[in-house]
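In order, the protein sequence lines correspond to chains F and W. So for the first sequence, my numbering puts the first residue at 1; every next one is plus one. So for the second sequence, my numbering puts the first residue at 1; every next one is plus one.
Just so you know, the hints here were simulated from the structure itself, not pulled from any lab data. Keep in mind that the hints are not guaranteed to be accurate.
[As the list claims (entries may be wrong)] Here chain F is said to cover these stretches of chain W; the calculated rule only asks that three of the stretch's residues, wherever they fall, bring their Cβ under 8 Å from a Cβ of chain F: (1) 120-127; (2) 131-140; (3) 185-194; (4) 197-205.
[Said to hold, decoys possible] Ranges between beta-carbon positions, derived for each pair: (5) W/E112 <-> F/T41: 34 to 42 Å; (6) F/Q49 <-> W/D123: 29 to 37 Å; (7) W/F129 <-> F/G105: 21 to 29 Å; (8) F/D104 <-> W/K119: 16 to 24 Å.
[Claimed, not checked] If you want a taste of the chain W side facing chain F, the calculated C-beta under 8 Å gives, among others: (9) C58; (10) D59; (11) P63.
The structure displayed is predicted, hence computed values, not measured ones. Note that CB positions come from ideal geometry on N, CA and C, so glycine has one too.
2 protein chains.
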Amino acid sequence: MLQHAVAKTLLYRIPMYLEYLMDIHENEPSLSHISSKKISTDLELGEVQVRKDLSRVCDKGKPKIGYNVLELITHLQDYLGCNQIQYAIVIGVGKLGSAIYHYDGFKKYGIEIVAGYDKKENDIPNIQFFSKENVMKVFQTHRIEIGIICVPKEEAQEVVDVLVSLGIKAIWNFAPIRLKVPKHIFVQNENLAYSLSIISSIINHSQ
Amino acid sequence: MLQHAVAKTLLYRIPMYLEYLMDIHENEPSLSHISSKKISTDLELGEVQVRKDLSRVCDKGKPKIGYNVLELITHLQDYLGCNQIQYAIVIGVGKLGSAIYHYDGFKKYGIEIVAGYDKKENDIPNIQFFSKENVMKVFQTHRIEIGIICVPKEEAQEVVDVLVSLGIKAIWNFAPIRLKVPKHIFVQNENLAYSLSIISSIINHSQ
DNA sequence: ATTGAATCGATATAATAATATCGATATATT
DNA sequence: AATATATCGATATTATTATATCGATTCAAT
């Protein structure tokens, strides 16, 4: 996994701040500045934590005034790299892959899914047959950095090997399996069954 | 949110251990016992952490031998409550909701999705029109504990209010919005755009 | 039986993350 | 101009989580 000096937990809150502030900007445009107190109340975080987090991305808070909403949005976007477009491809366009492929919430974060591949024939437009040759073509026209794996777990490693050989930087893995990749490639596992089972066990343990 | 004395981070590793051990059991049935060393190597965790985690769910490790695979699986399943079936419903059966609704990986964890609702007409079988009256019916025949929210963010709060009024215990929220619920209801937010943006920013920061 | 190796559990230490405290500063009010 | 108040940033403290160390236990080999 790539090393990054950024606190992991902070990284998970950044998109939350950004989404929240964009909402504020849209729905309460009169509010040009915002205090850490208000943010912390609305997002149910500690007030100090909010200030500390924001100080990592932006040092423009003023006493008695708070933070400039638009400035904050810009800094958060810069931090996340929303302005440099990053290209992704989806492998496996079954139900879940198709949902990801068509999801339009990624653009806001500067991420564009430029191609989808599958081994099976299907009726989704613009989906190509998965083969190294076909995937290579899109690598030649776009700087693909993220591969999104939505194939069954039996096929996942094989697909990932192809992407690695083509120079992928990061993998977003929905297959419930631990992928083997070189150390410099970042893998984020997203196992929906895990998430739901955690919810379920929390209900169990609270009874 | 409900309090639960369980370490949060441990809870996130439990399904991982379980999945891993079930794989071992299936593919290497000759391996009746397993050491913390092997588990930690395969799952890329600390050896001590594995022992500590496992000691929370099972105290049957033997020096020189390791843990009995089947015993461990049983304990992990008990811990997660896989054996008591919990019922869930999905609200919003667009692309993502439909993927969740049809996903068959939940059964293994004792979770069964028994109904799906939407406001729009659609061609997915067994999906009902979302209204308090219709949802109430399923609450009368099943002990529904988990509501899975896959509607657009504008409709999410309204849907959740209905579920809360019917006595839901937990919400798995895919809508990119912070839901307002009574304190005793557990909400797990699952924002796919956040996840992808985090991956993207990790790539950014490592360059 | 004795010794050695593997592995466990428990305790101690270190690393990370969250929260509390407090002086400093910018505006509003008198 | 002086004072009060909101709010910030920095530093200190506490809580949580992960890792290292070490004695104890179990089996295998001599």
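Verification of the supplied hints:
1. Look at the stretch 120-127 of chain W against chain F: 0 of its residues bring a Cβ nearer than 8 Å to a Cβ of that chain, fewer than three, so the hint is violated.
2. Interface restraint, the stretch 131-140 of chain W with chain F: violated (0 residues with C-beta to C-beta distance below 8 Å; minimum three).
3. Counting residues of the stretch 185-194 of chain W whose CB lies closer than 8 Å to any CB of chain F gives 7, which reaches the minimum of 3, so the coverage claim holds.
4. For the stretch 197-205 of chain W, the stated coverage by chain F holds: 9 residues have a C-beta nearer than 8 Å to a C-beta of that chain, and at least 3 were required.
5. Taken as a hint, the range 34 to 42 Å holds for the pair W/E112 and F/T41, whose Cβ atoms sit roughly 38 Å apart.
6. Judged by the Cβ atoms, the range 29 to 37 Å given for F/Q49 and W/D123 is violated: they are separated by roughly 47 Å.
7. Roughly 26 Å separates the CB atoms of W/F129 and F/G105, a value that falls within the hinted 21 to 29 Å.
8. In this structure the supplied range 16 to 24 Å holds for F/D104 paired with W/K119, their Cβ-Cβ distance being about 19 Å.
9. A least Cβ separation of about 15 Å between W/C58 and chain F goes past the 8 Å threshold, and the interface hint is therefore violated.
10. Checking W/D59 against chain F by beta carbon gives a least distance of about 18 Å; that is not within 8 Å, so the hint is violated.
11. Because the smallest distance between the Cβ of W/P63 and any Cβ of chain F comes to about 27 Å, over 8 Å, the interface hint for this residue is violated.
Checked against the numbered hints above, the structure violates hints 1, 2, 6, 9, 10, 11; every other hint is satisfied.
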